[in-house]
Amino acid sequence: MSNKTGVQIKKKKQRNKIIELGIITTLVIIMAIILPSIIPAFRLRLIGRFLSLAIVALGIDLIWGYTGLLSLGHGIFFALGGYALAMHLNLQIPEGQIPDFFNLYGVKELPWVWQPFYSLPITILALVIVPGIAAGLIGYLVFRNRIKGVYFSILTQAALLVFYNFFNGQQKIINGTNGLKTDSSRIFDLVVSSAGVQRTFYIITVISLVLIYLLCRWLTSGRFGRLLIAIRDDETRVRFSGYDPTGYKVLVFAISGAIAGIAGALYTVQTGIITPSIMEVAFSIEMVIWVAVGGRGTLIGAILGTMLVRLGQTFLSESFPEIWLFFQGALFLIVVTVLPDGIVGWWTSYGWDKLRSLLGLKPSLITYPSLVEDPDVQQERKEMSEQ
Amino acid sequence: MSTLIEGLFNGFSIGSVLLIAALGLAIVFGLMGVINLAHGELMMLGAYATFVVQNIFKPLGEPWFSLYIIVAIPIAFIVSAIVGLILERGAIRFLYGRPLETLLATWGISLILRQFVRSVNWLLFISIGVFSLLFFGGMELIKRRSDWERIKNKVTALLLVLSGGIAIAFYSILSNNLALTKAWFSTRNVDVTAPAWLRGGTDAFGFQIPYVRLFIIVLTILCLIGVYWFLQRSTWGLKIRAVTQNRTMSSCLGIPTAKVDALTFALGSGLAGIAGCAVSLLGSVGPNTGQNYIIDTFMVVVVGGVGNLLGTILAAMGIGVLNYLIGSGTLALMFTNIKAPQAVLDFFFFFATSSMAKVMVFALIITFLQIKPAGLFPQKGRTAEL
Amino acid sequence: MSKILEIEDLTVSFDGFKALNNLNFSMNAGELRVIIGPNGAGKTTFLDVITGKVQPTKGRVLFKGRNIKKIPEFKIARMGIGRKFQTPRVYLNLTVRDNLDLVSNQNKNVLSTLFGRANNNETRTVGGLLETIGLDTKANLSASLLSHGEKQRLEIGMLVAQSPDLLLVDEPAAGLTDEETENVGALLLSLAQSHSIIAIEHDMEFVRQIANDKVTVLHQGALLCEGKMDEVQNDPRVIEVYLGETPD
Amino acid sequence: MSQLGRRKFLLYSSTGILASLMLKGCASEGGGGDTAADPCAGGANPCAAGDGIKVGILHSLSGTMAISETTVVDAEMMAIDEINAAGGVLGKQIIPVKEDGASDWPTFAEKAAKLIDQDKVVTVFGCWTSASRKAVLPVFEEKKHMLWYPVQYEGQECSNNVFYTGATPNQQIEPAVDWLLENKGKEFFLVGSDYVFPRTANTIIKEQLAAKGGKTVGEDYLPLGDTEVTPIIAKIKAALPNGGVIFNSLNGDSNVSFFKQMQGAGLTPDKYPVMSVSVAEEEVRQIGPEYLKGHYASWNYYQTVETPANNKFVADFKAKYGEDRVTNDPMESAYIMVYLWKQAVEQAGTTDLEPVRAAAVGQSFDAPQGKVEMKPNHHISQTVRLGQVRDDGLFDIVWSTEGTLDPIPWNQYVKETKGFACDWTDPAKGEKYKA
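Residue numbers (my numbering), protein chains in the order written: chain C, 1 to 387; chain B, 1001 to 1386; chain W, 2001 to 2248; chain U, 3001 to 3435.
Hints in this document: simulated from the structure, not taken from any laboratory. One or more hints might be untrue.
[Unchecked claim] Listing some non-contacts, in silico: residues in chain W with all C-beta distances to chain C over 10 angstroms:
| hint | residue |
| --- | --- |
| 1 | Gly2016 |
| 2 | Lys2018 |
| 3 | Asn2028 |
| 4 | Thr2044 |
| 5 | Pro2056 |
| 6 | Glu2073 |
| 7 | Lys2075 |
| 8 | Ala2077 |
| 9 | Leu2092 |
| 10 | Asp2098 |
| 11 | Asn2105 |
| 12 | Thr2113 |
| 13 | Ala2118 |
| 14 | Asp2178 |
| 15 | Glu2179 |
| 16 | Met2204 |
[To be verified] Within a straight-line C-alpha distance of at most 30 angstroms, the following computed DSBU-like cross-link-like pairs (lysine-lysine) qualify:
| hint | chain 1 | residue 1 | chain 2 | residue 2 |
| --- | --- | --- | --- | --- |
| 17 | C | Lys148 | B | Lys1372 |
| 18 | B | Lys1058 | U | Lys3293 |
| 19 | B | Lys1182 | B | Lys1058 |
[Claimed, not checked] Partial list, derived from the structure: chain C residues whose beta carbon lies under 8 angstroms from chain U:
| hint | residue |
| --- | --- |
| 20 | Pro36 |
| 21 | Ser37 |
| 22 | Pro40 |
| 23 | Asn103 |
| 24 | Pro111 |
| 25 | Gly169 |
| 26 | Thr177 |
| 27 | Ser184 |
| 28 | Arg186 |
| 29 | Phe188 |
| 30 | Thr271 |
| 31 | Ile273 |
| 32 | Ser277 |
| 33 | Trp324 |
These numbers come from a predicted model, not from an experiment. Glycine included, C-beta positions come from ideal geometry on N, C-alpha and C.
Please build the complete structure, drawing on both the sequences and the hints.
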């Protein structure tokens, strides 16, 4: 009996995998090849930015959805990645010169932190490694002492504020509030804001999103992923089973930070500027709500949620700028109270069946497990056991 | 000597602002385990209440105007407490035991409250009133029917749509009336002016002590005494502590836990209101007022340890004094006086600006948490599962 | 016979309150020891100290002759101490099989967990365990769908998958039906053939079922008496402490 | 079951709230009156044919900067309404398209691109902070479009695509420092918010003081939005035990805390006069005149300027937006720039960008502050006035330049830009040339 179901499940899994792969390929073709040729450049740029935000949402989902760590400080890593790439682009100037803004503050020598960013490979490495290490370090200092839950959230938020102040205050190193522009810089002798370069960045964004999605899939599907869920659900148990949760949490937080770094870099080149305001408290909390709307603990939900919320925001803040905050606040409340599992969670547990019954289709075949999973049966069982 | 006293006094002034702002938060977090990101906005409401009271007293002239602040404190407490009560009943009680979700929900609330003070006008106010009257009144009426349980969902939905529709219609019909749609506060900051007796200061110990600072220190001490008395000596305080210790047991003993939750949250919110009244004497009053305090106050709670007033007090004072010593450059000067090596001096002068002092204080907090992860006074015993 | 666990002069105090007070305790390898005691006797704190969750204020704990002071919990677990909690603590969002698979993982380092796959040995262990705890038909169900008793059994199975030398079991019969209590008791007894076990229990019926070796009675953080079940049951001090709560 | 019921209830109630908010939005959009009816909104674009001329208005309507920027929007809308009431430009009505920068710099860039590409506006009036201007600058430069910027700023910029109607440092900061040196003392303490304008302003002041025999005894920067100024006040007391000049470039909320706490600490205007460059009538009102009385500010315009144009401006503004409103320098600059643009369009006879850009230089306008003229470096000539706060929260003008000062965007006190100038009328000179 168990063997038989095991084989069935394996087959089903394989089939699902193929379907998933098919969907991904189709989406990639649509996003990367068809879309750029049919919508205007500045809208494409907008979508590119949303997609880069979806990447950071994947990172948040990894630590919040799977590992149960709510970071309110991902803006730090996002900004670090963005700054890394922006510094490289700002250095694409004739030999011996330093970026313009340094003149404002009377800086004559390129600060040492800028030196490595002359080289593109080092920059690309740095925009992954630097946020990763920063996240790892913050994570290590916090997790080592078993600080978790809301304490962790608050500390990440405070760290965010500290980085924000630091970047704002360091005009002589990274131009303070004004931030770094990338639009008028050149890359491979092409202007960054030109349509061709932007389209390339857009395609790179789509590809990165897919690659990072696959990475997250791989991370969350195996034993490692199950352990993350175990840490989320009962960390003490994990510890008494002989695992050291600190190492896992540090690693996954670092990975999440690195993902945010990549997202930040892609976002920056498609925005044209990076400033410390990217590290404002509100933005980092918004990242969490994207994941919550889509459905935490489901990777596709993170992407979906980001796109929906950002599109909604663009539309609503264009139409009703004065009351956009009402909407946003309501969104937080609704998602948390009514849709705790997000759209994807709701869909898998209610929506799909509802749709089928609306269409007059037979409800999908009830096997033993799904019978047990049925909330009503569960309720009944509970009531019976209470009697 | 005078420098030392001045330094300590200034540190304590900063600390007392942190403390009065963190007090309500510490109570709500310590007793209920709820992280309230809207705490700053409750402070902001207290500050706006102070503004309104001030404007009511203005036409009365002296000597009444001098006393407005005394009236404003209880009013601010009441306003914030009522709003806190509504929030607890309306949203937060559904989220007990889910701290991270509470955190997100209260952030949503804070966004709404910030926009509310920007947009609020008589019409919006009345429309909300109409809606509440229709909806909750209707609910009360229908609840009496015997088949209530069966029709609950449908009726709720219907009532919601109906009363919402009527309220919106009401709003749109009257929305051309300029007198009604004039925003109460608008998006601009409002001015709260301390009464004359709180402006200026007195010379003592060779430096000037601002009256406002003294006032806030005294107010903080009064609040502490009040909270201590309430929690330790009053019946409701006993009930609150009982529920904190063991909710199920308390409930079995006939303590109305829901009421206790609401009361605790209202108390914390009310204290935020008083804090808002206090900070309105020092800084700006506007929709974003609360945001300026929220992270600092959380740091106080984290360093102090959960559910321990003494820890909160020490943490607030400690952070206050550190902030002052580093930010004002006093520490850097001290090291100059004792002829510390140049590298050490450079280090301390680098952090001797207001911006960098924050960076330094945060680094110190993180270091502190390496030694005492659960704060100054951690809860002990086997119930203290981290 | 060698001592698997020795506890000398152990004191644990929380803010002056002594949860454990100069406790001395030792047990042999292969023994099944039942610890009883009224509420607040310090039973759970006792387990907390052995597993490294709480650090002793005074005294020391030797596991297989090694002092476990300052060793983090996960390392103690790797040394061979497994613990079952009072309320069953399994990973509700994972399937039964995954629950067992996680603990049976032989190399629990971050990287090997990330890149490694379950080897044949481990798969076999998991398969065998599923049968032992009687959950093979529900192997692919999410653990949240199990009944209370099934969860208790799953958790015991997870303990075994860890292949520890010493099992600490905290009130395994709490909240179970009579039939399930019997099941769990039988499971414990069969495990006792290959493991050393410390079981904490309130349910005297159950204690009688499993207590073939010695029984230890704790009271106010200190050892009250120790001996065979019959001796303990008739000890006047024990009767006094329990104030007639013992069914007789 | 009750679980489900509750969820449903919450779902319904929140959708209800959402719906009501949406309707509210529509209502205020239609009835509020501050948004001009926009015949171009929605669907196809009938405006291209020539029913009106679309201009963009790009400010923060939400977020921290909304407090300041909405006042500027009011002034711009007033100018547009006046022009439309007088028959419009080239016989067409001006149609303002408002966008919200939301106090977020990337959003500014995004909305700028939207205004240009999608709404096809002929020019944009907008921005307040330097950071937002720097964020949109690449957009305007790439599209060779036109931005009008109404706020005093740190200079060190001169774009062909921007017209600046706020003061450059030599039209605000430098005269103030000269006056202080002459009348108030030689020792200066510099206070500012931690961002580019105060930092650059203070760099200039330090150079200027060094050149003119003054002394900088200390400086400190408060993080944006921070309200605890005790450490700074302690520093001031330590550095200036017997009184001296405080030069204040704090921004927004921090000013409130600064002045309130300064008074308590006994730093009074007679011993510690404060010269502010970001405190105008609107800010005085928010801080409370009680705290500010006797302190100074440096601007080109005050509500109390006595010119016929200003009397009309103030009266019209109060009639339009309410008696309790005040006018200030950025609002006046915003008002000016709409008129300067209108004149340029009329002279060019078209709204095409290049003719308008060329025609704009040399336009002069009888502004509330007096006559102003757009110079070849795309900044305007201005009168500089120092004001002292009086009981009612307005300013007594204590000093003023004779006539106007020409703008100098590249600062002559800063070594790197000394000797440079900007001239867009001569292709050989352009953005930055050695004069």
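Quiz prompt | Unsatisfied constraints (hint numbers, rising) | solution = 6, 7, 8, 9, 10, 11, 12, 13, 20, 21, 24, 28 and 29
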